[in-house]
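K.L.:
The primary structure of each chain is shown beneath.
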Amino acid sequence: MLTKRIIPCLDIKDGRTVKGTNFVNLRDAGDPVELGAIYAQQGADELVFLDITATVDERKTLIELVRKVAHAVNIPFTVGGGISSVADVSALLNAGADKVSINSSAVRNPGLIDQLALEFGSQCIVVAIDTRWVSRDNISLNEMSSQHVVHTHGGRKPTELRTLEWAKEVENRGAGEILLTSMDTDGTKAGFALELTSAVSGAANIPVIASGGAGSMDDFVDVFTTGKADAGLAASIFHFKEIDIPDLKHYLASKGISMRLTD
Amino acid sequence: MVVAPYLCTSPVLIPEPGFLIPMQTVIIKYNAGNVQSVMYALDRIGASYRLTDDEAEIRAADKVIFPGVGEASTAMAYLRERGLDKLIPTLKQPVLGTCVGMQLMCRYSEENDTTCMGIFDIDVRRFPQTNGLKVPHTGWNSINQLRGPLTEGLPDNAYVYFVHSYAADVCPYTTAVCDYVRPFSAMLQKDNFYAAQFHAEISGNVGQRVLENFLKLP
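Sequence order for the protein chains is A and B.
Reminder that position 171 of the first sequence reads as 171 in the working numbering, one-by-one numbering, no gaps.
In short: position in the second sequence from 1, add 263, done, that's the working numbering.
Treat the hints with care, since some could be wrong.
Said to hold, decoys possible - Computed footprint of chain A on chain B, listed as stretches where at least three residues anywhere in the stretch have a Cβ under 8 Å from a Cβ of chain A: (1) 320-331; (2) 397-409; (3) 460-471.
The hints are simulated quantities; they were obtained by calculation from the structure and are not laboratory data.
Note that the structure is a prediction, hence the values are computed from the model and not measured.
We put the CB at the ideal spot given by N, CA and C, even for glycine.
Hey, can you work out the whole structure from these sequences and the hints?
P.N.:
This is the structure we're talking about:
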């Protein structure tokens with residue numbers, strides 16, 4: 001049976017792992033290669049590396065890091081952050097990344113999704129959607145999720161795009177997966193945005209990775225049942241050992257959720 | 264670096280007296296996207312290899328790996344341009360096709376109506392979109408009804424990583440079955456030809472074991 005996936009996310013700055021609350025106050029949580037290999041050994045189903053300060057100068061550091069990670073881990077991993085061209089994607093895949101995640105560049109130029117899917121195949125193109133609840137009293141909308149507005153630039157810049165419609169569009173353009181982050185729940189440890197995740201997962205016929213808000217093992221139960229997510233992603237709770245991945249996977253399995261147990 | 268418990272079983276690199284030429288594994292070079300991941304996986308298990316599309320070099324290899332990610336008709340066109348579609352079915356040494364590589368070793372793929380190499384007399388069909396199951400089939404799924412040397416040491420219901428929208432039906436060549444929408448061939452074998460629909464190169468310790476089993480073949 002196809003399992004639900006547990007994905008630790010490693011935010012990378014200057015080749016190091018960092019994670020803060022609501023994307024500020026970054027704290028150093030270790031060496032990404034070592035951390036990635038440990039997670040793979042512990043039974044993580046996949047890894048995501050997000051280069052949160054990607055600039056041209058830092059690109060070479062990132063490529064070198066990707067190469068080291070690819071050597072050290074035997075599970076799929078995704079690299080995101082600052083990717084805006086076919087050449088960027090080509091360099092990362094050639095360094096050993098299995099998938100790339102694009103965000104702001106897809107919003108700016110949606111045709112990039114089509115172009116990347118055609119060039120490299122949908123299976124390696126993840127579109128990250130950062131979304132935030134925006135109250136607009138002057139607009140009457142039927143669906144609750146329609147008021148979730150897509151944001152870019154680490155969640156700082158609102159766009160004109162509504163989350164559900166954008167999710168369907170990225171699927172139609174050839175995205176292979178959606179990495180959905182609720183900026184409202186991110187860093188709160190109060191649970192994933194279940195209604196939003198369920199709405200996006202129901203609308204899209206591609207896997208949805210839910211991100212933002214994981215604080216307890218039951219939050220993962222909820223995101224896989226009520227939230228209908230295909231994968232659950234978290235960072236600090238794993239990095240700071242608040243939740244142990246083997247414990248989490250056994251707990252989820254005991255709740256009847258299909259899990260790959262490696263021990 | 265993750266060290267798996269069975270890392271020391273690699274058949275290469277330590278030449279014994281009278282054995283001066285190490286075993287040569289060749290990865291067929293073509294426009295498949297995951298070649299790099301396959302190379303890293305072989306590095307992890309300490310196997311030496313060469314990436315090539317040279318006919319003589321492929322013929323002389325002890326083992327041939329035929330990877331694949333991408334679209335079937337484009338990949339077949341590329342193979343035809345280089346005559347690899349004629350070469351691969353005539354190889355005598357163990358050959359392992361993965362993912363799209365496996366599909367191209369079948370008779371026909373529904374993906375853009377593609378005639379393939381026909382090593383396995385079976386067709387590759389798209390998953391229908393039913394029961395709310397998402398296509399592509401993406402993630403870790405279990406394989407069972409295991410047989411043949413490549414699955415040696417694997418428990419029934421071992422988990423491996425899949426990403427694909429097309430699959431070969433279960434047939435007499437099937438050596439591992441996976442179930443998603445319908446039962447399909449996760450692995451095939453006919454004589455010296457082996458194939459896996461999943462990505463052994465990123466399927467954790469299970470995938471690593473499949474690769475090691477392949478490299479250990481006589």
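K.L.:
Okay, which hints does this one fail, numbers in order?
P.N.:
Hint 1 is the one this structure does not satisfy, whereas the remaining hints hold.
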